Amino acid sequence: MTVQSPAWVKGEDVDWLLDPLADYLNDLDKVAFLSIPIFTGVVGWAINWTGLVMLFSPLRFRGIKIPGMRELSSVLPRKVQEIPGVLQGGIGWQGIIPARAAKMGSIAVDKAIAKLGTPGEFYQQLEPDKIAEHIVATFRPEVPGLVDQVMSAEHPRLWKDLPRPVKEAVYARVQAQLPSVVGKVTTEIGIHIDQLLDPKIMVIDHFQENPELVVRIFRDFGQRELDLMVRFGFLFGFLLGIPVAVIDSIFHQWYLLPLLGVVVGWITNALGMWLIFEPPEPKRILGIPVHGLFLRRQSEAAEVYAKIIADDVITLERIGDFLLDGPRGDRTRQMLATALRPA
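Position 17, counted from 1, in the sequence shown is what the working numbering calls 17; the numbers after and before it change by one each time, with no gaps.
For the record, the hints were derived by calculation from the structure and aren't laboratory data. In this text the structure is predicted, and so the values were computed from the model without any measurement. Here a beta-carbon is modelled for each residue, glycine too, at the ideal position from N, C-alpha and C. Some clues are possibly wrong.
To be verified - Label pairs and their in silico Cβ distance ranges:
1) Val31 / His291: 37 to 43 Å
2) Pro327 / Arg284: 49 to 55 Å
3) Ile267 / Asp220: 50 to 56 Å
4) Asp312 / Val31: 50 to 56 Å
5) Ala172 / Gln81: 22 to 28 Å
Stated by the list, open to error - Result set (DMTMM-like, lysine to aspartate or glutamate): computed pairs, CA atoms no more than 20 Å apart in a straight line:
6) Lys103 / Glu212
7) Lys184 / Glu142
8) Lys103 / Asp312
9) Lys200 / Asp312
10) Lys307 / Glu121
11) Lys200 / Asp311
12) Lys65 / Glu82
13) Lys184 / Asp321
14) Lys184 / Glu317
15) Lys130 / Asp194
16) Lys200 / Glu121
17) Lys307 / Glu209
Go ahead and model the full structure; you've got the sequences and the hints to work with.
Dropping the structure here:
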(Lines of atoms letter the chains of each structure in order from A and count residues from 1; the text may use other names and numbers.)
(Lines give C-alpha, C1' and ligand atoms only; values in the text may rest on other atoms or scores of the structure.)
Protein backbone atom coordinates (compact mmCIF):
# COMPACT_ATOMS: atom_id res chain seq x y z
CA MET A 1 0.00 0.00 0.00
CA THR A 2 1.36 3.46 -0.97
CA VAL A 3 0.51 6.55 1.08
CA GLN A 4 0.75 9.83 -0.86
CA SER A 5 1.09 13.25 0.76
CA PRO A 6 -0.79 16.37 -0.46
CA ALA A 7 0.86 18.29 -3.29
CA TRP A 8 1.50 21.34 -1.13
CA VAL A 9 3.49 19.38 1.39
CA LYS A 10 7.18 18.69 0.69
CA GLY A 11 8.12 15.05 0.79
CA GLU A 12 11.03 15.48 3.15
CA ASP A 13 8.75 17.25 5.65
CA VAL A 14 6.41 14.29 6.11
CA ASP A 15 8.49 11.25 5.22
CA TRP A 16 9.33 10.75 8.87
CA LEU A 17 5.55 10.43 9.53
CA LEU A 18 4.26 8.66 6.41
CA ASP A 19 6.88 5.92 6.14
CA PRO A 20 6.03 4.37 9.52
CA LEU A 21 2.32 4.78 8.73
CA ALA A 22 2.76 2.95 5.40
CA ASP A 23 4.70 0.18 7.14
CA TYR A 24 1.96 -0.08 9.76
CA LEU A 25 -0.79 -0.33 7.14
CA ASN A 26 1.16 -2.92 5.17
CA ASP A 27 1.65 -4.97 8.34
CA LEU A 28 -2.08 -4.60 9.02
CA ASP A 29 -2.86 -6.03 5.57
CA LYS A 30 -0.59 -8.99 6.23
CA VAL A 31 -2.24 -9.66 9.57
CA ALA A 32 -5.69 -9.47 7.95
CA PHE A 33 -4.57 -11.83 5.18
CA LEU A 34 -3.13 -14.36 7.62
CA SER A 35 -6.08 -14.14 10.02
CA ILE A 36 -8.65 -15.14 7.40
CA PRO A 37 -7.61 -18.84 7.19
CA ILE A 38 -7.52 -19.03 10.99
CA PHE A 39 -10.98 -17.49 11.19
CA THR A 40 -12.42 -19.85 8.53
CA GLY A 41 -10.79 -22.78 10.37
CA VAL A 42 -12.61 -21.80 13.55
CA VAL A 43 -15.82 -21.40 11.55
CA GLY A 44 -15.36 -24.89 10.05
CA TRP A 45 -14.76 -26.39 13.50
CA ALA A 46 -17.76 -24.58 15.01
CA ILE A 47 -20.10 -25.61 12.19
CA ASN A 48 -19.15 -29.30 12.43
CA TRP A 49 -19.37 -29.20 16.24
CA THR A 50 -22.79 -27.54 16.09
CA GLY A 51 -23.92 -30.07 13.48
CA LEU A 52 -22.86 -32.89 15.80
CA VAL A 53 -24.84 -31.40 18.68
CA MET A 54 -27.92 -30.99 16.47
CA LEU A 55 -27.51 -34.59 15.30
CA PHE A 56 -28.10 -35.99 18.79
CA SER A 57 -29.79 -33.28 20.88
CA PRO A 58 -32.32 -32.78 22.25
CA LEU A 59 -33.66 -36.31 22.71
CA ARG A 60 -37.27 -35.06 22.75
CA PHE A 61 -38.86 -32.42 20.55
CA ARG A 62 -38.66 -28.91 21.96
CA GLY A 63 -40.63 -26.14 20.39
CA ILE A 64 -44.10 -24.68 20.08
CA LYS A 65 -47.27 -26.15 18.64
CA ILE A 66 -48.94 -24.17 15.88
CA PRO A 67 -52.67 -24.69 15.22
CA GLY A 68 -53.25 -26.16 11.77
CA MET A 69 -49.57 -27.01 11.26
CA ARG A 70 -50.18 -30.77 11.45
CA GLU A 71 -52.82 -30.59 8.70
CA LEU A 72 -50.67 -28.28 6.57
CA SER A 73 -47.61 -30.56 6.89
CA SER A 74 -49.25 -33.30 4.81
CA VAL A 75 -49.07 -31.12 1.66
CA LEU A 76 -45.58 -29.72 2.26
CA PRO A 77 -42.56 -31.01 0.28
CA ARG A 78 -41.02 -34.24 1.55
CA LYS A 79 -37.79 -32.55 2.62
CA VAL A 80 -39.76 -30.06 4.73
CA GLN A 81 -41.76 -32.88 6.34
CA GLU A 82 -38.49 -34.48 7.46
CA ILE A 83 -37.65 -31.49 9.66
CA PRO A 84 -38.25 -32.64 13.26
CA GLY A 85 -41.56 -31.38 14.60
CA VAL A 86 -43.23 -30.45 11.30
CA LEU A 87 -45.37 -33.60 11.05
CA GLN A 88 -46.23 -33.21 14.75
CA GLY A 89 -47.55 -29.70 14.11
CA GLY A 90 -44.81 -27.68 15.76
CA ILE A 91 -41.81 -25.48 15.12
CA GLY A 92 -38.71 -26.33 17.08
CA TRP A 93 -36.05 -29.00 17.04
CA GLN A 94 -35.26 -32.57 17.97
CA GLY A 95 -31.96 -34.31 17.31
CA ILE A 96 -31.89 -35.86 13.83
CA ILE A 97 -31.03 -39.31 15.20
CA PRO A 98 -33.68 -39.37 17.99
CA ALA A 99 -36.26 -38.01 15.52
CA ARG A 100 -35.55 -41.00 13.25
CA ALA A 101 -35.74 -43.56 16.07
CA ALA A 102 -38.87 -45.27 14.68
CA LYS A 103 -37.36 -45.38 11.18
CA MET A 104 -34.19 -46.95 12.55
CA GLY A 105 -36.24 -49.54 14.42
CA SER A 106 -38.07 -50.46 11.23
CA ILE A 107 -34.79 -50.78 9.32
CA ALA A 108 -33.28 -52.85 12.14
CA VAL A 109 -36.08 -55.40 11.83
CA ASP A 110 -36.21 -55.47 8.03
CA LYS A 111 -32.45 -55.67 7.50
CA ALA A 112 -31.33 -57.75 10.44
CA ILE A 113 -33.73 -59.07 13.06
CA ALA A 114 -36.25 -60.57 10.63
CA LYS A 115 -33.41 -62.56 9.04
CA LEU A 116 -32.33 -64.03 12.37
CA GLY A 117 -35.54 -65.88 13.09
CA THR A 118 -39.33 -65.94 13.28
CA PRO A 119 -41.29 -64.75 16.34
CA GLY A 120 -41.73 -68.42 17.27
CA GLU A 121 -37.98 -68.96 17.24
CA PHE A 122 -37.41 -65.91 19.40
CA TYR A 123 -40.09 -67.17 21.79
CA GLN A 124 -38.51 -70.61 22.12
CA GLN A 125 -34.99 -69.19 22.42
CA LEU A 126 -36.01 -67.06 25.40
CA GLU A 127 -37.64 -70.09 27.14
CA PRO A 128 -41.44 -70.01 27.43
CA ASP A 129 -41.24 -71.04 31.11
CA LYS A 130 -39.25 -67.90 31.93
CA ILE A 131 -41.72 -65.78 29.98
CA ALA A 132 -44.56 -67.49 31.90
CA GLU A 133 -42.92 -66.48 35.20
CA HIS A 134 -42.78 -62.87 34.04
CA ILE A 135 -46.43 -62.96 32.94
CA VAL A 136 -47.43 -64.39 36.35
CA ALA A 137 -45.60 -61.58 38.16
CA THR A 138 -47.12 -58.94 35.88
CA PHE A 139 -50.64 -60.34 35.80
CA ARG A 140 -50.98 -61.26 39.50
CA PRO A 141 -52.15 -57.76 40.65
CA GLU A 142 -54.97 -57.95 38.06
CA VAL A 143 -56.40 -61.23 39.39
CA PRO A 144 -58.84 -59.65 41.91
CA GLY A 145 -60.34 -57.47 39.16
CA LEU A 146 -60.67 -60.47 36.85
CA VAL A 147 -62.34 -62.54 39.61
CA ASP A 148 -64.79 -59.70 40.29
CA GLN A 149 -65.58 -59.48 36.59
CA VAL A 150 -66.20 -63.23 36.17
CA MET A 151 -68.17 -63.68 39.40
CA SER A 152 -70.28 -60.57 38.81
CA ALA A 153 -71.19 -61.91 35.38
CA GLU A 154 -71.93 -65.53 36.39
CA HIS A 155 -73.03 -65.33 40.06
CA PRO A 156 -73.84 -61.68 40.70
CA ARG A 157 -76.10 -62.17 43.75
CA LEU A 158 -73.84 -64.68 45.45
CA TRP A 159 -70.75 -62.56 44.87
CA LYS A 160 -72.45 -59.44 46.15
CA ASP A 161 -73.55 -61.15 49.37
CA LEU A 162 -70.22 -62.78 50.19
CA PRO A 163 -68.34 -61.13 53.07
CA ARG A 164 -65.02 -59.52 52.32
CA PRO A 165 -62.86 -62.20 54.03
CA VAL A 166 -64.42 -64.89 51.83
CA LYS A 167 -63.76 -62.85 48.70
CA GLU A 168 -60.15 -62.43 49.81
CA ALA A 169 -59.92 -66.20 50.17
CA VAL A 170 -61.24 -66.63 46.61
CA TYR A 171 -58.66 -64.16 45.32
CA ALA A 172 -55.89 -66.03 47.13
CA ARG A 173 -57.09 -69.38 45.76
CA VAL A 174 -57.09 -68.16 42.17
CA GLN A 175 -53.73 -66.47 42.58
CA ALA A 176 -52.29 -69.71 43.95
CA GLN A 177 -53.41 -71.50 40.78
CA LEU A 178 -52.13 -68.76 38.48
CA PRO A 179 -48.66 -70.27 37.81
CA SER A 180 -50.06 -73.62 36.67
CA VAL A 181 -52.74 -71.91 34.58
CA VAL A 182 -50.21 -69.59 32.92
CA GLY A 183 -47.96 -72.59 32.25
CA LYS A 184 -50.75 -74.15 30.21
CA VAL A 185 -51.50 -70.84 28.48
CA THR A 186 -47.89 -70.40 27.37
CA THR A 187 -48.22 -73.60 25.36
CA GLU A 188 -51.22 -72.11 23.57
CA ILE A 189 -49.35 -68.82 23.17
CA GLY A 190 -46.51 -70.72 21.53
CA ILE A 191 -48.94 -72.20 19.00
CA HIS A 192 -50.30 -68.74 18.07
CA ILE A 193 -47.12 -66.73 18.72
CA ASP A 194 -46.89 -65.47 15.13
CA GLN A 195 -50.24 -63.74 15.60
CA LEU A 196 -49.47 -62.47 19.12
CA LEU A 197 -45.87 -61.29 18.84
CA ASP A 198 -44.67 -58.75 16.28
CA PRO A 199 -40.93 -57.99 16.70
CA LYS A 200 -41.14 -55.04 14.30
CA ILE A 201 -43.80 -53.23 16.31
CA MET A 202 -41.99 -54.11 19.53
CA VAL A 203 -38.67 -52.66 18.33
CA ILE A 204 -40.23 -49.53 16.78
CA ASP A 205 -42.27 -48.77 19.92
CA HIS A 206 -39.26 -49.28 22.19
CA PHE A 207 -37.01 -47.04 20.09
CA GLN A 208 -39.68 -44.33 20.00
CA GLU A 209 -40.09 -44.49 23.78
CA ASN A 210 -36.31 -44.61 24.37
CA PRO A 211 -34.56 -42.53 21.68
CA GLU A 212 -31.45 -42.50 23.87
CA LEU A 213 -30.88 -46.11 22.75
CA VAL A 214 -30.50 -44.99 19.14
CA VAL A 215 -28.08 -42.26 20.20
CA ARG A 216 -26.13 -44.86 22.19
CA ILE A 217 -25.77 -47.07 19.12
CA PHE A 218 -24.05 -44.23 17.24
CA ARG A 219 -21.95 -43.00 20.14
CA ASP A 220 -20.78 -46.42 21.35
CA PHE A 221 -19.04 -47.29 18.10
CA GLY A 222 -18.79 -43.99 16.24
CA GLN A 223 -17.74 -41.34 18.77
CA ARG A 224 -14.13 -41.49 17.58
CA GLU A 225 -15.12 -40.76 13.96
CA LEU A 226 -17.56 -38.04 15.01
CA ASP A 227 -14.86 -36.28 17.03
CA LEU A 228 -12.49 -36.63 14.07
CA MET A 229 -15.07 -34.97 11.82
CA VAL A 230 -15.17 -31.97 14.16
CA ARG A 231 -11.36 -31.68 14.22
CA PHE A 232 -11.17 -31.99 10.45
CA GLY A 233 -13.62 -29.10 10.28
CA PHE A 234 -10.82 -26.80 11.42
CA LEU A 235 -8.35 -28.28 8.91
CA PHE A 236 -10.76 -28.05 5.98
CA GLY A 237 -11.81 -24.54 7.01
CA PHE A 238 -8.20 -23.38 7.29
CA LEU A 239 -7.23 -24.72 3.86
CA LEU A 240 -10.34 -23.23 2.24
CA GLY A 241 -9.57 -19.93 3.94
CA ILE A 242 -6.38 -19.47 1.90
CA PRO A 243 -8.17 -18.85 -1.45
CA VAL A 244 -10.71 -16.75 0.45
CA ALA A 245 -7.88 -14.53 1.73
CA VAL A 246 -6.45 -14.21 -1.81
CA ILE A 247 -9.83 -13.24 -3.27
CA ASP A 248 -10.43 -10.70 -0.48
CA SER A 249 -6.99 -9.12 -0.99
CA ILE A 250 -7.68 -8.72 -4.72
CA PHE A 251 -11.24 -7.37 -4.72
CA HIS A 252 -11.59 -5.70 -1.29
CA GLN A 253 -15.42 -5.94 -1.26
CA TRP A 254 -17.15 -5.89 2.13
CA TYR A 255 -19.66 -8.62 1.21
CA LEU A 256 -17.10 -11.19 0.04
CA LEU A 257 -16.02 -12.43 3.49
CA PRO A 258 -19.53 -13.23 4.80
CA LEU A 259 -20.56 -14.73 1.47
CA LEU A 260 -17.45 -16.88 1.15
CA GLY A 261 -17.73 -17.78 4.85
CA VAL A 262 -21.09 -19.42 4.13
CA VAL A 263 -19.57 -21.32 1.20
CA VAL A 264 -16.62 -22.45 3.34
CA GLY A 265 -18.98 -23.64 6.09
CA TRP A 266 -21.10 -25.63 3.67
CA ILE A 267 -18.10 -27.24 1.97
CA THR A 268 -16.46 -28.02 5.33
CA ASN A 269 -19.58 -29.77 6.59
CA ALA A 270 -20.01 -31.68 3.32
CA LEU A 271 -16.37 -32.82 3.41
CA GLY A 272 -16.76 -33.94 7.03
CA MET A 273 -19.81 -36.03 6.17
CA TRP A 274 -18.04 -37.44 3.11
CA LEU A 275 -15.10 -38.41 5.29
CA ILE A 276 -17.37 -40.53 7.49
CA PHE A 277 -19.81 -42.08 5.01
CA GLU A 278 -18.09 -42.10 1.60
CA PRO A 279 -17.22 -44.14 -0.28
CA PRO A 280 -19.47 -46.97 0.92
CA GLU A 281 -17.12 -49.59 -0.55
CA PRO A 282 -13.29 -49.57 -0.37
CA LYS A 283 -11.75 -47.75 -3.35
CA ARG A 284 -8.41 -46.40 -4.46
CA ILE A 285 -8.06 -42.74 -5.40
CA LEU A 286 -4.65 -41.85 -6.85
CA GLY A 287 -3.39 -45.13 -5.46
CA ILE A 288 -4.56 -44.30 -1.91
CA PRO A 289 -7.13 -46.68 -0.34
CA VAL A 290 -10.20 -44.79 0.88
CA HIS A 291 -13.31 -46.00 2.68
CA GLY A 292 -15.94 -44.25 4.83
CA LEU A 293 -14.69 -44.14 8.43
CA PHE A 294 -18.00 -45.46 9.79
CA LEU A 295 -18.34 -48.11 7.13
CA ARG A 296 -14.87 -49.59 7.53
CA ARG A 297 -15.92 -50.65 11.05
CA GLN A 298 -19.20 -52.33 10.12
CA SER A 299 -18.43 -55.54 12.02
CA GLU A 300 -17.76 -53.59 15.22
CA ALA A 301 -20.91 -51.56 14.67
CA ALA A 302 -22.91 -54.77 14.20
CA GLU A 303 -21.65 -56.09 17.54
CA VAL A 304 -22.68 -52.89 19.34
CA TYR A 305 -26.06 -52.88 17.60
CA ALA A 306 -26.68 -56.57 18.37
CA LYS A 307 -25.76 -56.12 22.04
CA ILE A 308 -28.16 -53.21 22.50
CA ILE A 309 -30.96 -55.09 20.70
CA ALA A 310 -30.36 -58.20 22.84
CA ASP A 311 -29.89 -56.38 26.16
CA ASP A 312 -32.52 -53.67 25.85
CA VAL A 313 -35.05 -54.45 23.13
CA ILE A 314 -35.89 -58.11 22.47
CA THR A 315 -35.67 -59.37 26.04
CA LEU A 316 -37.66 -61.89 28.03
CA GLU A 317 -39.37 -59.15 30.05
CA ARG A 318 -40.25 -57.06 27.01
CA ILE A 319 -41.72 -60.06 25.17
CA GLY A 320 -43.84 -60.82 28.23
CA ASP A 321 -44.97 -57.20 28.48
CA PHE A 322 -45.73 -57.08 24.74
CA LEU A 323 -47.85 -60.24 24.99
CA LEU A 324 -49.91 -58.65 27.77
CA ASP A 325 -49.95 -54.96 26.86
CA GLY A 326 -49.05 -54.84 23.15
CA PRO A 327 -51.50 -54.21 20.30
CA ARG A 328 -52.66 -57.84 20.53
CA GLY A 329 -52.51 -58.10 24.31
CA ASP A 330 -56.29 -58.45 24.55
CA ARG A 331 -56.01 -61.93 22.97
CA THR A 332 -53.41 -63.01 25.54
CA ARG A 333 -55.53 -61.66 28.38
CA GLN A 334 -58.57 -63.45 27.00
CA MET A 335 -56.61 -66.72 27.01
CA LEU A 336 -55.67 -66.13 30.66
CA ALA A 337 -59.25 -65.26 31.62
CA THR A 338 -60.60 -68.36 29.92
CA ALA A 339 -58.00 -70.58 31.59
CA LEU A 340 -58.69 -69.05 35.03
CA ARG A 341 -62.48 -69.31 34.75
CA PRO A 342 -62.71 -72.85 36.22
CA ALA A 343 -60.62 -71.76 39.23
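Structure-based check of each hint:
1. Val31 / His291: 37 to 43 Å: holds, 41 Å
2. Pro327 / Arg284: 49 to 55 Å: Holds: the Cβ-Cβ distance is about 50 Å, inside 49 to 55 Å.
3. Ile267 / Asp220: 50 to 56 Å: With a Cβ separation near 30 Å, Ile267 and Asp220 fall outside 50 to 56 Å, so the hint is violated.
4. Asp312 / Val31: 50 to 56 Å: With a Cβ separation near 55 Å, Asp312 and Val31 satisfy 50 to 56 Å, so the hint holds.
5. Ala172 / Gln81: 22 to 28 Å: Between Ala172 and Gln81, where Cβ atoms are some 55 Å apart, the hint is violated.
6. Lys103 / Glu212: holds, 14 Å
7. Lys184 / Glu142: holds, 18 Å
8. Lys103 / Asp312: holds, 18 Å
9. Lys200 / Asp312: Measuring from Cα to Cα gives roughly 14 Å; hence the hint holds.
10. Lys307 / Glu121: holds, 18 Å
11. Lys200 / Asp311: Within the cut-off at roughly 16 Å; holds.
12. Lys65 / Glu82: holds, 16 Å
13. Lys184 / Asp321: holds, 18 Å
14. Lys184 / Glu317: holds, 19 Å
15. Lys130 / Asp194: holds, 19 Å
16. Lys200 / Glu121: holds, 15 Å
17. Lys307 / Glu209: holds, 19 Å
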